[in-house]
Amino acid sequence: MRARRVAFALVVSGALSGFSCSPRPHGLPQGNGGPSKLLEPLPPPPPGSVVVHGPLVVEAVDPVRAEIGWDRELVRASRLVTYDVVVSQLRATCPEDVAPKRTADAMGCLAIADAVLPASCTSDTVHARIEVTVTYGIEVQQRCAGDGAPYAVPEAGDPKQLLAGHGSACFSSRNKFKPEATWTSLYALTELSIVEKPLLVVSDAAPLVGVLLDPASPPRACRDDGVFLDGTPGADAQSPSTATTKSSEELAHLLSARGPLPGEGTSLGVTGGAFRTEQELWEACRPAAPLSPTDPKNQLLPALRCQLLRQLDRFVREVEDAARPQTPKGASAAPSTSGSSGTGTVKP
Amino acid sequence: MSARRIGWASLVACTSLGLAYALHAIAAAPRPPLEIWGVVGGDDVTLDGAVASPKPNSTSRPFLGDPLVGGAPVTRELPAGAHSITVRLAGCSERSFRIELQGTSKRSIVMLPPVASHCQLPPPPPRAK
Chain A
1 MRARRVAFAL VVSGALSGFS CSPRPHGLPQ GNGGPSKLLE PLPPPPPGSV
51 VVHGPLVVEA VDPVRAEIGW DRELVRASRL VTYDVVVSQL RATCPEDVAP
101 KRTADAMGCL AIADAVLPAS CTSDTVHARI EVTVTYGIEV QQRCAGDGAP
151 YAVPEAGDPK QLLAGHGSAC FSSRNKFKPE ATWTSLYALT ELSIVEKPLL
201 VVSDAAPLVG VLLDPASPPR ACRDDGVFLD GTPGADAQSP STATTKSSEE
251 LAHLLSARGP LPGEGTSLGV TGGAFRTEQE LWEACRPAAP LSPTDPKNQL
301 LPALRCQLLR QLDRFVREVE DAARPQTPKG ASAAPSTSGS SGTGTVKP
Chain B
1 MSARRIGWAS LVACTSLGLA YALHAIAAAP RPPLEIWGVV GGDDVTLDGA
51 VASPKPNSTS RPFLGDPLVG GAPVTRELPA GAHSITVRLA GCSERSFRIE
101 LQGTSKRSIV MLPPVASHCQ LPPPPPRAK
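Protein chains in written order, with the numbering used here: chain A, 1 to 348; chain B, 1 to 129.
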């Protein structure tokens, strides 16, 4: 266990380089950070002119916030990612006789297809930021190596206490009457299944974001409510959108593909429903030595999941430390002098 | 008189016991830690309306997934339950969100480096219908 402790100490050492929040970019807009200027429709065009709009375009998907923690300790956790979806739309005021041809989108809103406008048009591009938060649910199951079923953890009651009881029984049953030097660590006896799934997508405009991010969707000029990005009414009739609403899973996938977190795509920290030993999963969180900034294990998404794994690891260590003195030892071997945290090897 | 004194003493004793029990319950209630990473001096953070900004000269430190509390620019132990947070990174619009704290282990929030040209953009106008 000493090696694990050393590795752990290395991980927490702030001197090491891992995923880091890079220095703030230079050249920030000199705003005061106060409320942004809200989008406003163009004023009514002069007689003989018309206002035209281009399609809505997603310019960027920026992950802006990540969060992780237990919702029910050691059993159920959640990981949240908030994105800024930056949407833009060209708008122009053109003389009626040269106004570009417009076609209706699924909402019945007219939009120009050609971005090249006649010189007599005046144009600008408006931008807006749509916040979208994806909540991933993380379900953790534990079982004793060799058992088919995971530990039963009823919805009621303190899960930590229940799991400690199961872990302690596992350690004792697998090691009792064996020489202590040959005992198998609870790290190796505890098997974990960790499944992460998108549960929820929250946004004022989740359906629109789903349509705009889907490369298979036809161009859209209006939001779901039939107005252009700046609030100008677009659809004369209440045309129902033909786009199907995306599931949380589809939307989460589209967002993470377009705006990946550092380390996105790694399976580190999840098992996809299979059971793997706590030891093996914990080892995957150990950074390579020497640490490299490009080491995927040091990136944000793995670091978030590894926080949970390391908390599980501490729990397993505490359970083993409590279970050791209560486990009957075999007579033939000399007892070891320390508990789990003092031993340096794990015997599978 | 003696009966009154006994009654008074009983009342005081009961009140004291009740108060002690309440204080013990408050002290024993878990206060899960919350860490906020990715904020630096000059950024504004409020937790449930109270200022919790990082120290003026604090710098960004890496989030590595440490299981225990330590090293984050903002750390608070809060009662279990829902809490509201507002973060305004320097040069950006403020963001407000809610979190739910449970258990005894820490919960971590990591603010990612902002994209300067995007983080001040306005939201679209509210829905028309």
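Quick caveat, the hints were computed from the structure, so don't treat them as lab data.
Heads up, some of the hints might be wrong.
As the list claims (entries may be wrong) - Per label pair, the in silico range of CB-to-CB distance:
| # | chain 1 | residue 1 | chain 2 | residue 2 | range |
| --- | --- | --- | --- | --- | --- |
| 1 | B | P123 | A | P219 | 18 to 24 Å |
| 2 | A | E280 | B | P30 | 39 to 45 Å |
| 3 | A | P44 | B | E77 | 53 to 59 Å |
| 4 | A | D97 | B | R127 | 31 to 37 Å |
In this text, a Cβ means the ideal position worked out from N, Cα and C, and glycines have one as well.
Evaluated hints:
no.	hint	verdict
1	P123/B with P219/A: 18 to 24 Å	22 Å, holds
2	E280/A with P30/B: 39 to 45 Å	30 Å, violated
3	P44/A with E77/B: 53 to 59 Å	57 Å, holds
4	D97/A with R127/B: 31 to 37 Å	35 Å, holds
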